[in-house]
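Please put together the full structure from these sequences, using the hints given.
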Amino acid sequence: MSALLLELRGLAVSLPLGRRCVPALRGLDLELRSGERLALLGESGSGKSTALLAIVGLLPEEARIEGLRRFPLLGREPVPGRDLGLVLQDPFASLNPVLSVGEQIAEVLVAHRGARWSEARRAAVVLLERVGIADPERRLDDPPHRFSGGQRQRIAIAVAIAAGPRLLLADEPTSALDTVVQAQILDLLDGLVREQGTALLLVTHDLAVAGRIADRIAVLYAGRLVESAPAGRLLRTPRHPYTRALLATARDLERAGAGPLAEIAGPPPEPAGRIQGCAFAPRCPLAVDRCRRERPLWRGDARDGVACHAAEP
Amino acid sequence: MSPAGPLLEVEGLAKRWPGAAAAAVSDVSFTLAESERVALVGASGSGKTTLARLIVRLIEPDRGVVRFAGRDLLALSGEPLRRLRAGLQLVFQDPLAALDPRRRVGRQVADPLRVHGLVPRADRPAAVAALFARVGLDPALAERFPHELSGGQRQRVAIARALACRPRLLLLDEPVAQLDVSVKAQILNLLDRLRREEGLAWLLITHDLGAARAASDRILVMAEGRIVEEGQTAAVLAAPRAPATRALVAAELRLPPPEPAPRLSP
Amino acid sequence: MSDALVRFARNRAALLAAFLLATLALAAALAPHLWPIDPEAVDGPPLLRPFTDPAHPLGTDRLGRDLLARLLFGARLSLVVALAAAFASLLLGSAVGLAAGLAGGRVDELLMRVTDAFQTVPGFLLALAFVSVLGPEAESVVLAIAASSWTGPARLVRAEILSLARRDFVLAAVVAGLPPVEIAWRVLLPNALPPVLAYAGANIASAVLVESALSFLGLADPNRASWGAMIAEGRAVLVREPWLSILPGLALLSTVLAVNLVGEGLDEALAPRRARP
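Protein chains in written order, with my numbering: chain A, 1 to 313; chain B, 1001 to 1266; chain C, 2001 to 2277.
Simulated from the structure, these hints should not be mistaken for lab results.
Given the structure is predicted, the values throughout are model-derived calculations rather than measurements.
Glycine is no exception: its CB is placed at the ideal position from the N, C-alpha and C atoms.
Be a bit skeptical, because a hint or two may be false.
As the list claims (entries may be wrong) - Stretch by stretch, here's where chain B covers chain A in the computed footprint (C-beta under 8 Å, at least three residues):
| # | segment |
| --- | --- |
| 1 | 120-133 |
| 2 | 177-183 |
| 3 | 228-236 |
| 4 | 239-248 |
To be verified - Anything over 12 Å on all C-beta distances counts as not near chain B; from chain C, calculated:
| # | residue |
| --- | --- |
| 5 | P2190 |
| 6 | F2216 |
| 7 | D2267 |
Unchecked claim - Partial selection, computed: residues in chain B whose CB lies under 7 Å from chain A:
| # | residue |
| --- | --- |
| 8 | S1182 |
| 9 | L1188 |
| 10 | L1253 |
This is the structure we're talking about:
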């Protein structure tokens, strides 16, 4: 197995909400190896974006953080831009509107690789071409608003990988884009991380996106990991009832048919306060008394396992 | 089709934004019958949102005719237009943007009731509570502000508001695009239930083929401002012919087929 | 509304400032009862130092008039004029901005050119000009200040209206069938006002200053006590008896500061909250 790039043990984060502090992440164990592609799958309130921000170190000051976060391969705190690249969801907000796209790519190289501006600009042209922007020489000096949403996301990816980081983190990079552009961006990401051997941590709520690009999928619910497995296996034989329910809905949407879509009963979990027993129990078709009293422990290892009284590891 | 003719008729609708190189919508014509569910799909920039806004006349077309329940929407103005609008409602894509951030959601749902004089003041709270219940929301949520609700709850509020005037036709602009998978299913199922209970027709605008499949019988495919293919949803998506349709279908990410699940025992 | 008040209350500075202003306003309103000395009466020895004689706790001015009484009555004038002027300015400005933003086209053009015309003349000079023409009475001062400061709110309101008119929730109101008047009144205005209200704080503060400046220059009513006039009177004896100017100056400073803090506090409290992602 390749070297261990990122390790999280018992990561718990509480975020301020009004006057209280609300738990967003309740104890996450995760590992990511060099060159590996992991999808963090979850819906709103699962804690997936919080986990990503915690990894990059971008949580607000008032956040309470516990647990362990290590980068064994680096041996030190990662430097965003150089060791970590970040691609965010909103292509219209993630680029600086007053700088040209060329400048934004080049400044990464100048800051993190000690390049001179002239070299950095040349490298930026190459990068723009690699991410699929036509006529890169001419467009180097264009400001972001001259580009479409899909193009901006490509540019954001270029900025993120410019310095050759070991880990690329992406938070719902295609949610704001239509399906055609989404497919293109995912193809681009796939190709890029393979070429450069970059590890990828992709946060998403879309199972098909996770299946398209990840080697491994980790499913989050109400701030905890409920299942983790190689992508193909998780999508074919999910073990946790929540994962099964998500897949059932996603499959219903794929087939043309009459009749209602598979639904998960009840409302999504509220973030506040203590949870007694399994967080999914109120909505789980298999829940029994034990599920409501006793929180299911993780069975398996850091890469492959499930937290459910009913499932087999 | 009902004996009175189609519910919505669009003929030769066109719109070019001033200064734009190409038309946003170009010679679009189609009809929609009572209780029919039609999906309008296309990539972003295909003109589908512009078309939706033209139909409800939030934007004025350059050319073309829009007839709703036999009446020419474009020939009306002022009071008669507002009254006709009651029958034709639009649900916007981003429910957070579509709700006034400063007013409680219950009041906003009550707006159409008040404006069209459908319900006397004393009965309005009960009517709002009934609307909330119909869309599966706890009536107590009527006192909340939009930012205090989840995405799914906000979209239900938007649907409740659209239903307040008992419309015959709903235009839904990407109603589930911003929602999680499980919430998406709940909203689509809700729409389905409402249709069965009230005989609603709708035009669902989306780039998501899954939503189109689940919530439409007929499909119109748009590209570059024109309708390039139409037909029964299942048939068109199974065997697309126009290049734009092919591109959409090819771009759809599919899950690997399931294997028989091991039995789970608690 | 109530949650806005709660948020306001959490802002310590703004809360303190609000208390200060409330106390000041109350004191000014109850002046004749609190300290029943005629501010114009020559009551004691001239240039009495403050804190020396309990009958005149803050001392007396060059003519022997009690300073505390003059400060309190001066507060009345300053506050009333400033509030009236700011209100008039906001009313006029909002009306113009609303009309321009909603009407668009030629009406907008016309109104904006008028606004430009008013803005080319420096505010204070305009107020000066008005007062010279209209006379020194309090009403004229109010009009003069309003005339010189309505352009700010006008542009603000117009900009807000223009950006709001495109927002989905306004379009949703149109689709729901709300008549245009209702949309303007119920949807647009409540959303357009908060930035204007925040500006109101600055507006009131500047009105207080302009009024003081006008009375400092001797252009306001000479028969009524006013902070600006008091500061002006103190100039002649500034070196020997500085408190004649300092006391009203401090009063002016704290009032303007308090108004600004309350205005900021209101702005933050009223801003609509963004939903969590």
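Checklist entry - Of the hints stated earlier, which fail here? => result 1, 5
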